[in-house]
Structures are given as structure tokens and as C-alpha cells.
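Work out the full structure: start from the sequences and follow the hints.
Number of protein chains: 2
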Amino acid sequence: MALNIETIHAARERIAPYIVTTPLLRLHNLDSYLGCQVYAKAECMQITGAFKLRGAMNKALSLTPAQLARGIVAASSGNHGRGIAYAAKLLEAKATIVMPRTSPHVKVDAIRALGAEVLQCETSERFRIADQVCAERGATMVPPFNDEDIMAGQGTIGLEVIEQCADLDAIVVPVSGGGLLGGVATAIKAVSPRMRVYGAEPAALPRYHASLAAGLPVTVEQKKSIADALVAQTPGEICFPYVAANTDGFAAVEDEFLLKGMRLLLTEGKLLAEPSACIGIGAVLQRLISVQPKDKVCFLISGGNVGLEQLRMLEDVRL
Amino acid sequence: MALNIETIHAARERIAPYIVTTPLLRLHNLDSYLGCQVYAKAECMQITGAFKLRGAMNKALSLTPAQLARGIVAASSGNHGRGIAYAAKLLEAKATIVMPRTSPHVKVDAIRALGAEVLQCETSERFRIADQVCAERGATMVPPFNDEDIMAGQGTIGLEVIEQCADLDAIVVPVSGGGLLGGVATAIKAVSPRMRVYGAEPAALPRYHASLAAGLPVTVEQKKSIADALVAQTPGEICFPYVAANTDGFAAVEDEFLLKGMRLLLTEGKLLAEPSACIGIGAVLQRLISVQPKDKVCFLISGGNVGLEQLRMLEDVRL
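If you read the protein sequences in the order shown, they are chains A and B. Note that my numbering has the first sequence beginning at 1, numbered continuously upward. Note that my numbering has the second sequence beginning at 1001, numbered continuously upward.
Warning: the hint list may mix true and false statements.
What the hints assert, rightly or not - Below, simulated DMTMM-like cross-link-like pairs (lysine to aspartate or glutamate); rule was C-alpha separation at most 20 Å, straight line:
| hint | chain 1 | residue 1 | chain 2 | residue 2 |
| --- | --- | --- | --- | --- |
| 1 | B | Lys1089 | A | Asp31 |
| 2 | A | Lys94 | A | Glu136 |
| 3 | A | Lys89 | A | Glu117 |
| 4 | A | Lys89 | B | Asp1031 |
It should be emphasised that the hints constitute simulated quantities derived from the structure, not laboratory data.
Dropping the structure here:
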């Protein structure tokens, strides 16, 4: 399977009955803070609360009935696991989600509530266990990003934003392994090549900065960031060339600015997003991406799954 | 000045350069909780963070240059004052805002930041103090709701929601004195009479329940509610007949359900709204308004000015 504008269009048609077209919101009250005309693509309002459902659904729908009957497997404690569990439920397939023993009960319960089997293990063991389940049962592993079907599903966001506002000047996309950015950038550069596409990754984990400088995927040191959904140490080897060919710039954002972005989006924009989803706003606040007052800039708000108690950390954040 | 569909259309044209058309959001993730197809008219995303700017702007734009030069005055628990302060700043007039001492700091600070003078007093004294300022200075009092120009400005929301979704079945509107509901209901019943229009007021302050039963505006006992923007003890005497003639039902909502609504809108809908703005969702959660799964129900989310520290009260709320 390739990733291109045709496979992204096909993904869109395939997943349309199962996802929602999320709103592209014009957030006037953020303009003076960010120095541009601010738009937010609210994937936090997607079913399951994150964009991950798009890729998960596209992958699940591309499997044969026989493959679905043997089940699908994901190693993820977060939005990818939830997306896979939801997709499997809709398609009446068995989902097995391999999660670290340290996962919060609330996440385990949410995935169990979707009818998925949860296997808990040591964090370092999760990929080995997931592989073992696939081998024993003939089940299909669904990777979180390094897969062209997954990327095509995420790329449908690019088609939507261009239809929702044809004259956007730029989009800023949160980046971990590169599945979301690879898909979105491929869609946008095919349809609207003048639109600038930026990636934003945690300064603590600058895997794309390092890899683009080296010209191939390289692995960075594992460090902690508040962006708990952007933890890949290495770009997906399948994602990397699509990202390299279709992006105009990258920002490595400090947690401090990510949190300012999260606070700004919540208190002035009135949108609740998880920390990782606010990294693009943080990139502009940190002046890592240059924007002009007349620029229409879309921030891809990738997800909104955050506990209320986590909002306390925003109380002392100053804009 | 009368309130009717013509004056509401005129208000819309007058205020158009100064306000934003807020989005009507389809919040799929709330459907299973509320038992209908959920729409939110996001006035929390209005400039100044609340619908009040519409009426304030319409009123200020109807004053003469000489009147503006003597200043404008408002007695307000927050959002109306902020709307007046913003309107005055745009029109280069002096604004004086008389606020209860109990107003949240976030609202007081926002008004001062717009360059307005703030006078704080006991809640029961606020109208007397405002009258006194007007008498001393020859300034113009802008009432928060009991005025047909104000109501016409708020009524522009009714025109917008019908244009944004022509086949809405119902709208639920937060109520205090009745300026918002009177304006919105008058607009909707003129354009789309089959659409049901409901008011939602705090159970602690059921001034419309009491007044509609009596057939004229009556005053209820002053009691505390978490809905800090819905504190009127008496319907506006100008508002009352418009509300009585154009609404299909009323809900008196307990704080417990209002808070459930606020939590639901934030954690599942991903929208930040102030407590008062969530009372319509609370009304349906409390089963005070009957809705069907096929019904398209719009909740008017009247404002989003809430301090982050106030969100702590939601942590223990169970849906």
C-alpha cells in the first residue's frame, strides 16, 4: 500500500461513516497572543477524543474478514489503543491492547469498557508481548504510526482543513513518530502546495530535527516531556521520507511554552486539549515559527484526553 | 424602540463589524449523555468571552456622540460590564462598571484591562450606585437586560443559529432577567416558529417560574447559586412579555446538575464554559426538558469566563 493523494481520498471515503468531520474553529481571541489569524482543527472533538481513530479505522477496514476474525492487537496505553478498541468494537472484532502495568486505572477501564482485552505487563515488555499474541493467534498488529494505511487515515485531516478554509497559509502539526504529519503533509502538498506545513516536537525529544539533519531516521535519547503522547525516540522509517519531502520547517518546543499554549487555548480559546495537542501553539509562542498578522494559521489540536486534575498544573502558568 | 424581527435584523447589521459569528458546534460525544443530537452555540468564543457584547454594542452604537462623550455606566456581575467596557473602548467613550464584591477576580481584572473604571459594592446596592454615577455625570446607564436595544442585540444569536442549522428542533437558553431569552425567542419564533424555545434558570432563583405562574413579574428571595451570572431576583418588566409570548417551557435547575453539565461539556465536549452557561445541559441531565434521540437540540453556551482554579470544583463531580 502506498501513501498518496489517491490513497488518502480512498481512506476518507472508507472511514467516513465511522468518524466525524471535526470543526475548523476561527479563534479570534488568540490572534493578539500569536500574531496571526488563528484557526484550530479540533480533533479533540473527534470520537474517542483524538485523531488516532482515523488511522485505526482505516487500517481495520482494510483487513479481510478472516484477518478481523483472528483479532487485532496494539501496544499502547493511550489514544492509539483507545482508537483500536473502538474500531474493533464497531467491526465486531476482538481487540487486544497491551498496556504497561503502570497505566492509570482510568485508562485501563476506558479500554475495557469498549470490550477490548487488556494485557498488562512491564513497560519494556509491551512490544514483545504484543508480537507474541499476534504469533500465537494469527492476529494482526496495528502499529501506532509506522504504516501507510495509518498515515492515509490521519491524512484525511489535511483534506478536511483545505475544504473548510481554502486560503489557509500554514498548518502546525504535533509530531511523534510522524504518522500524523506524514499523512497531513502529503495531502496538503498535493492539493494546496503553497500552504506551509510545520511540525512541532518536544525539545526533549527532537527526533525529527536530528533525523532531518542526518538525512535518515536517527534515535535520540529518551527524556521526559509533558507531551506524553509524543514519546517516540525515532521517526517511523516509513513516515520519515513523507515528512522530509512535504514539510517546510520544524520547531523543538520547550515544555514551558507548550503549557503556555495549553493555558491560552483553554482560557482564551475555550478549548480543552491534552498537553501534546498544544505543542504547535507553544511553537509560535516560543517564536520558533515565523507568522505574520495577515497569515491564516491552522493549529492541529490532535486530542483532548486529559484528566481534570491535570489542569491544576496550568494555574501557575503565566502567558 | 421596539423589539421585533426587524429591529433584531437591524441590530445584526449594526454590530456585525464588532462581533464574531460564533460557531454552532455539533458535539457528537455528548449525544449518549443527553439523549439527543447535541449542538452548542459557542458564545464562550465571542469577543469578551460572552454573548453580552452583542447587546452592549447595539446599545452603545445607538447613542449620540454627545451621550457617548458623557460616558456609559453599567451595574453588572461581570460579562455585561466587560461587554460595555469593550464597546466603550472601541467607541472611545469612558465606561464605569459597578460590580458586586463577590464577582470572580477573573471578571474584574478583565474589565480593568479594557480601561474601564470599576466600582465594587454589595450586590443589592449596585443599581443605586450606578444611578447615582449617572445622575452626577450625565452619563448613560446601560441596563444588563431590561432594554429593547439590549434584547435586540442578544436576539441576533437566534438569527445565527437558524442560518447555521435550519432544522434545529429546540434551543435551551440560560435565563436571568430575560434579556437573552427574550431576544433569542423573539427572533426564533418569527423565523422558525416550530422550533421549541426553553429557558433554564437556577432552582434557587426561579423568578420566571414564579412570574409566569402569576402572569406578571414577581420577585423571588435572593438565594445563592453556583450560576453567578444568573442572579436577577425579578424578570425585567420589559423582557417578561417577550419571554412569556415566545417560550415553550422552563426548567429550574439544581446546582448539582449544572455542575454535571459543566463537567460533561468540558471533559467530553472539550468546551470551557462558565457555570451559568451550562445550566441548559444541566436541565436535560436533570430530565426537566424532554428530548428525543432524533431531536437536534441547541444549547446556548452563553459565556466562558471562568478562572482555572474554579475548575477544581469539578474534580469530584460524577456524571
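The hints, checked one at a time:
{"no.": "1", "hint": "B:Lys1089 / A:Asp31", "in the structure": "18 Å, holds"}
{"no.": "2", "hint": "A:Lys94 / A:Glu136", "in the structure": "14 Å, holds"}
{"no.": "3", "hint": "A:Lys89 / A:Glu117", "in the structure": "11 Å, holds"}
{"no.": "4", "hint": "A:Lys89 / B:Asp1031", "in the structure": "19 Å, holds"}
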